[in-house]
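Put the complex together from the two separate chains, hints included.
Sequence lines, in order, name chains A and B. Quick note: the first sequence uses our numbering, first residue 1, plus one each step. Quick note: the second sequence uses our numbering, first residue 1, plus one each step.
To be clear, the hints were calculated from the coordinates, so they are not data collected in a lab. Every value quoted in this text rests on a predicted model; they were computed, and no experiment measured them. No false leads were slipped in.
Partial list, derived from the structure: chain A residues whose beta carbon lies under 8 Å from chain B: (1) R45; (2) V51; (3) R72; (4) A73; (5) Y77; (6) L88; (7) M96; (8) R101; (9) P102.
C-beta atoms are modelled at their ideal positions from N, C-alpha and C, and glycine is treated no differently.
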Amino acid sequence: MICVHDVHKRFGAVQVLRGVTLALVPGRVTAIVGPNAAGKSTLIRSVLGLVRPDRGSITLADGRDVRLPAARAALGYMPQQPSFPDNLTGHEVLAMLDALRPDVVPDGTLLERLQVAGQLDKPVRTLSGGTRQKLSAVIAFRYRPSVLILDEPTAGLDPLAAAVFKSAIVAARDAGVTVLLTTHVVAELAVLADDIAFLLDGVIRFAGPVAVLLQETGAATLDAALAALMQTPAGSVPASAIEPGAAQRVRIVREARS
Amino acid sequence: MNTIATSSLGRVDLSWIIAIHQSRDVLRKRWLIAYAGLLTIAGDLLLRLAGNGPSALVSLLNVVLLLIPLIALILGAASLYSAREFTELLLAQPIPRRALFVGLYLGLTVPLASSTALGLTLPFLIERALDSTTVPMLALLVAVSMLLVCVFTALAFLVTVTVRDRARGLGVAVLAWLGMGLLYDGVVLAVATTFRDWPIERGMLVAMVLNPIDLARTILLLRLDVAVLMGYTGAVFRAAFGTTGGATLATVALVLWVIAPWWLAARAFDRSDF
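Isolated chain B, as found in the complex (with noise of 0.2 Å):
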C-alpha cells in the first residue's frame, strides 16, 4: 500500500511526461491533419496561380491570418472541452497544477505549430520555390504564425479554464475570433473615418497592439514592405515607429501576447475548481 510516496520527478520531468502524451494524441487528431493538410493545398494553388514565390507568400499571409486563429481557438478549446475529464484525473495524481499546465498547454502548442510549419513550408519544397528572395519570407512567416498558434492556443486555454460551460466557451472562443479576426480592423477603420479631423493616431497605435492578427499582419508586411495592404493601423504604426523599429516593436507586442494570456490561463487552472 501506498502511504505518502513523493515523486522523485522535478515539474520540468512532470510537464515533458505530460507533453509527450498530450502531443502524440493531438497529432493523431484528424482536424489536425486536414488543418496541415489544407494549408499545404491552399499554398500549392497560390503558388501555381502566383507563378513566384514572394506573390504567393503575400497571398498565403490572409489565409494563414484567417485560419490559425479559427483552428487554434476554436479546435483548440473543443479538444481542451473534451479533455475535461481526463485533465480531471491528471489532477488527482500527485502532480503539482502548473506542472500539469505547462505540459497541457505544450501538448497542444507544439503539435498545432509543427503542423503550422510543414502545412506552409511544404508547398514550397514541392514546387522548388525556394529560392534566395523566398526563403527569408518564409521563415518570417512560418515563424510569426508559429507564434500566432501560441497566442491562440493560450487564449483557448484561458477560455476553458474560465467558462465551465462548453457550449458557452465555444461561443466565447467564435466571439473572440470573429472580433479579431474579422470585425475589428472595420471598427477600427469606422472610429478613424468618424474621428478624422481629431488626432486620433496614437489611439490608433494602442488599437493594433490590442489585436495579435493586427500586429502579425503589421510585422509580416512590414517586412515584406506590402505597404498597400496594411491597413489603416498598419500604415500608422509604420508612420510612426518605421519599418525596422515598427516590426521589432510588433513582434515584441506579439510575444507579450503569448505571455498575458498563458498567464492569465495558468493562474486560473491553479486557483480554479474543477
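Same shape as in the complex, but just chain A (with noise of 0.2 Å):
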C-alpha cells in the first residue's frame, strides 16, 4: 500500500500537485488519468522518490518514506520511454540490475512469457522500441514487487505482448500487489483499472471505482464519465479527495453535471 498525503510539488512559477491524498490499495489497479500537464508524470515520480514534494508525505504501509532506498525494494517501475545504456546487451542490464538486488531471486516468468530472451544477447542500441519496451516490463516484474508502477505501459507493445503483459498485471493484482498505471487508452483503463484517480490542475477531481464513477456521473462509457470529469470547472472542488486508507470511499465531482 501506497498513503499519498496532501503533496503539494511546484516547479518554478508553475504549481504542479496541489494537496493531493490517495491511497493506493493492496490487490487493485489504480489509474491515474487527467489530460496533459494535470500532474500525473509528477504524481508518479513523487511515488517513485525521483521528485521530492515541497510539502506532504508518500509513505509505504508500515509508514516509511519512498525516498529511503530500502522502500524503494518494494517498488518495480516501467517507465513511458525505457532507455538503456546503448553499448550494453539486455543481458548485462539484466545483470546489473541483478547484482543490485542480491537479495532477491530474480523472477523470469515475464522473460519467457514475452518470448524475448533470445534478442536479449544484442547490444540495446540494435534492438527496436518494441523489445526495449518488453525489457522494461521484464525489470518491473522481475524483483517481485509489491508495487507496481506502470507509465504508459503498453504503448509501444505488439497486440500479442500488450496481451501478455495485462495478464501478468491482473496476475499481480490477483496476488495482492498494489499497481498504479497511468494510459491514454481508455478501452485499457476498462479492462484493467479497478480504481479511477482523476487529476485535473494539480488536484484529484474523483478518486474510487470505476463503476461507482460510471453510476455518478450518469455516463455509459469510461471516456464519456472522464470527459464529465474534464468539464469540471477549475477550483470548484477541494484540493484533496480522499484520505489515506479510504480508497473505496468516493468523492465525486457534481459541479461537471449541475
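As C-alpha cells, this is what we get:
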C-alpha cells in the first residue's frame, strides 16, 4: 500500500500538485487519469522518490518514506520511454540490476512469456522499440515488487505482447500487488483499472472504483465519464479527494453535472 | 512478492557494480575509441615531426590541454544527458543516491582517463621513443591529463545535474570549454596589459588558480622547464613560488578543482528532482 498525503509540488512558477491525497490499495489497480500537464508524471515521479514534494508525504504501509532506498526495494517501475545503456546487451542490463539486488531471486516468468530472451544478447541500440519496452516490462516485474508503477505500459508493444503483459498485471493484482498505472487508452483502463484517480490542474477531482464513477456521472462509457470530469470548473473542488486508507470512498465532482 | 527487503550490499559495492557496467558501456562508445585513436595519431605525428620524445611532448601538451576538456566536458555531458532515463530507472532501485552518483562518475571517468593514458603512451611505444628523459616527462603528462579528465567529467556532471534541459546544458558546456580553454588567457593578458602600472601580481595568481587548464599547463611547463610557453599567469606563478613550490601549489589547486565540482555535483544530485 502507498499513502500519498497532502502532496504539493511547484516547479518554478508552476504549481503542479496541489495537496494530492490518495491511498493506493493492495490487490487493486489504480489508474491515474487526466489531461496533459495535469500532474500525472509528477505524481508518479513523487511516488518513485524521483521528485521531492515541497509539502506532504508519500509512505509505504509501514510508514516508511518512499525516498528511502530500502523502501524502493518494494517498487517495480516501468517508465513511459524505456532507455538503457546503448552498448550493453539486454542480458548485461539485467545482470547489472540483478547484481544491485542480490537478496531477491529474479522472477524470469515474464521474460519467458514475452519470448524476449533470445534477443537480449544484442546491444540495446540494435533492439526495436517494442523489444526495449518488453525488456522494461521484464525489469518492472523481475524483483517481485509489492508495488508496481507502470507509466503508459503497453505503448509500443505488439498486440500479443500487450495481451501477455495485461494478464501479468492482472495476475500481480490478484496476488495482492498494489498497481499504479497511467494510460491514455480508455479501452485499457476498462480492462485493467479497478479504481480511477482523476487528476486535473494538480488536484484529484475523483478517486474511486470505476463502477462508481460511471454511476455518479450517469455516463454509459468510461470515456464519457472521464469527459464529464474534465469539464469540471477549476477550483470548484477541495484540494484533496480522499483520505489515505479510504480508497473505496468516493468523492465525486458533482459540479460537472450541474 | 517482495516486501521491504534491504540489500545486503554496502554503498561501495553498489557504486562498484554501477561503475563496472557503466564503464563497459562507455568503453564501447565510438567517440571514446575515436578520441583514443586521435591522441595516438597526434602523438605519433608529433614524434615523427619533432624527432625526439621531449620536443614531441611539449607539442603534445597543447593538444592535450585543448582536447581533454573538450571531450570530457562536452561529450561527457552529452553522454550523461543521453543516459538520463536510465539514471531515473536506477534511482527507482533501492540504491542510495550518493552510491549511484559515485558509480556513474567512476563509470565515465575511469574509461576516459584510461583511454587518455593509452592514447598518450601508445605512440611512444610504437616509435620506441621511451628513454630515461622521456619516461618521467610522459608520466607527468599522463598524470596531469588524467587529473584534467577528473576535473572536466566532474564539471560535466555538475552541468547535467543543475541544467535539466539538454540543449541549454550542452550550450553551457561549450561556453565553459571556450572560456577556460581559449578565451581565459587572452582576457587575463588584456587585463594585465590594461592595468600594467598597478600591483596586480596577486590577482594574476588568483586568476590562474581559477582555471584548471592554466593550472595543468603551469604544472607541466614548470616541470618540463619551457618557460617561453608558460603564458603570463604561469610566468607570474613561477616568479612568486619558484619551480618546485609553484608546481606543488598548482597540483594541490588542480586536485581541489577535482574535489570542488565533484562535491557540488554530488550535492545537487542528492537534492535534485528527476
